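These are the residues of each chain, in order.
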Amino acid sequence: MAEELQVELRQHTGKWNNRRLRRAGKVPAILYGHGKDNIPLAVAADRLAAVLRHGSRLVSLSGAVNESAFIRELQWDTYGLEVLHVDFARIAMHEKLRVNVAIELRGEAPGVREGGVLNQLVHEVEIECPAGSIPEKLSLNVNNLKLDESLTVADLELPQGARCLEPPETILVQCVLPVEVPEEEVAAAEAGPAEPEVISAKKQKEEEEEEQ
Amino acid sequence: MAMMPKRVKFRKSQRGRIRGEAARGNRVVFGDFGLQATQGGWISAATIEAGRIAAQQYLRSEGRLYVRIFPHKPITSIPLETRMGKGKGEPEYWAAVVKPGTVLYEISGVSEEAARLCFARLAHKMPIKVRFLRRRPA
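Chains as they are written, first to last, in the working numbering: chain A, 325 to 536; chain B, 198 to 335.
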């Protein structure tokens with residue numbers, strides 16, 4: 325379900341104007357797509373944060389423009405606290421989109437009770453689905469995952485009309501025994517050289533000559 | 198075992214300056230939770246290892262710990278009571294140059310409470326201020 329987002333037209337563009345906008349509690353945004361003109365917009369930061377917190381990817385923009393849009397890209401600050409810029413892409417509800425969706429593990433794997441560790445190798449996958457049915461996240465049931473077994477993309481439950489773009493044999497999560505380094509190896513590593521090898525120009529030449 | 202490069206082009210490096218914030222390596226990639234630096238600084242290989250051991254002892258065989266930084270920079274020092282001059286000192290240890298915002302460690306396979314407790318123990322070992330970080334939404 326698309327959430328409503330009030331937007332206003334951004335009259336002045338550029339770094340300094342955008343910084344002023346952010347100080348005023350707004351986030352600069354852009355609307356593009358479908359061969360129409362790009363429209364620079366501004367959206368209230370708290371309202372946008374609420375939309376993102378709810379996990380919405382689709383928004384219906386109102387105010388300066390009245391269109392449905394998809395949140396295509398978010399620019400975050402270094403600490404991942406504030407959104408610096410939003411890209412809105414125009415969409416039609418029947419249109420198929422390519423989106424990255426997070427994978428959420430559900431349940432308790434029997435392999436963990438046998439001393440194994442759940443190792444999630446992939447945290448999000450790219451899927452193609454109609455704009456109206458973009459899932460917030462894909463849940464993966466690990467209730468039948470035993471020790472030394474794995475779940476692949478083929479085990480994912482996708483919403484109707486959706487298609488995963490990753491190869492079906494891609495391993496998403498596996499249950500393995502924790503790797504413990506033998507003490508002998510640790511001792512051998514500790515007894516290694518105190519200084520790394522220096523790659524000198526002479527040495528490189530010699531090596532090249534040897535190869536020839 | 199403290200980390201250090203296997204091969205280097207030069208034995209010694211100049212000090213340099215830590216300018217700006219981390220534009221890369223500032224988000225959780227491998228795990229579910231991360232420990233992010235809010236200050237810049239040099240983190241020695243011994244400190245990285247101390248942090249790893251502190252976290253690993255808390256985690257035991259649960260979950261998985263990822264170390265996101267590597268000590269690439271040789272730090273030199275001159276012996277005590279040495280007269281001025283006679284050139285640059287000998288490499289003493291290796292350090293990772295950390296900009297504010299860099300993710301230092303990550304954890305996966307544990308609950309948020311466990312990850313917070315683990316990182317709290319680890320944070321005591323760090324010479325800089327750090328904060329707990331969650332994975333960003335897709």
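FYI, nobody ran anything at the bench for these hints, they're computed from the structure. Every value quoted in this text rests on a predicted model; they were computed, and no experiment measured them. You may find that some hints are simply not true.
List time: in silico DSS-like cross-link candidates among lysine-lysine, alpha-carbon distance up to 25 Å [unchecked claim]:
id, chain 1, residue 1, chain 2, residue 2
1, B, Lys296, A, Lys529
2, B, Lys203, A, Lys529
3, B, Lys296, B, Lys322
4, B, Lys283, B, Lys322
5, B, Lys206, B, Lys283
6, B, Lys209, B, Lys283
7, A, Lys420, A, Lys461
8, B, Lys322, B, Lys206
9, B, Lys283, B, Lys203
10, B, Lys283, A, Lys339
11, B, Lys206, B, Lys326
12, A, Lys529, B, Lys326
Covered stretches of chain A (chain B as the covering partner; in silico rule of three or more C-beta atoms under 8 Å from a C-beta of chain B) [to be verified]:
id, segment
13, 335-348
14, 484-498
Idealized CB from N, CA, C, for every residue including glycine.
Right, here's what the structure says about each hint:
1. Distance check on the hinted pair: B:Lys296 and A:Lys529 sit about 36 Å apart at the alpha-carbon level, beyond 25 Å; violated.
2. Taking the CA atoms of B:Lys203 and A:Lys529, the gap is about 20 Å. The hint holds against a cut of 25 Å.
3. Between the alpha carbons of B:Lys296 and B:Lys322 the distance comes to roughly 18 Å, so the proposed pair stays at or under 25 Å and holds.
4. The hinted pair formed by B:Lys283 and B:Lys322 fails the criterion: a straight-line CA distance of about 35 Å is larger than 25 Å.
5. Between B:Lys206 and B:Lys283 the CA atoms are separated by roughly 23 Å; this keeps the pair inside 25 Å, and the hint holds.
6. For the given pair, B:Lys209 sits about 15 Å from B:Lys283 by alpha-carbon distance, which is consistent with the 25 Å threshold.
7. At most 25 Å may separate the alpha-carbon atoms for a hinted pair to count; A:Lys420 and A:Lys461 meet this at roughly 17 Å.
8. Between B:Lys322 and B:Lys206, the direct Cα distance comes to roughly 30 Å. Violation of the 25 Å bound is thereby established for this hinted pair.
9. With a C-alpha separation of about 28 Å, the suggested pair B:Lys283 and B:Lys203 falls outside the 25 Å cut-off, and the hint is violated.
10. Among the hinted pairs, B:Lys283 with A:Lys339 is inconsistent with the structure: their alpha-carbon atoms are about 50 Å apart, more than 25 Å.
11. Using a Cα cut-off of 25 Å, the hinted pair B:Lys206 and B:Lys326 is violated, with the two alpha carbons roughly 32 Å apart.
12. For the hint pairing A:Lys529 with B:Lys326, the CA-to-CA distance comes to about 46 Å; that exceeds 25 Å, so the pair is violated.
13. For the segment 335-348 of chain A, the stated coverage by chain B is not satisfied: 0 residues place a CB nearer than 8 Å to a CB of that chain, which falls below the threshold of 3.
14. Note: the segment 484-498 of chain A has 0 residues with beta-carbon separation from chain B under 8 Å; the three-residue rule is not met and the coverage is violated.
Against the hints set out earlier in the document, violations occur for numbers 1, 4, 8, 9, 10, 11, 12, 13, 14.
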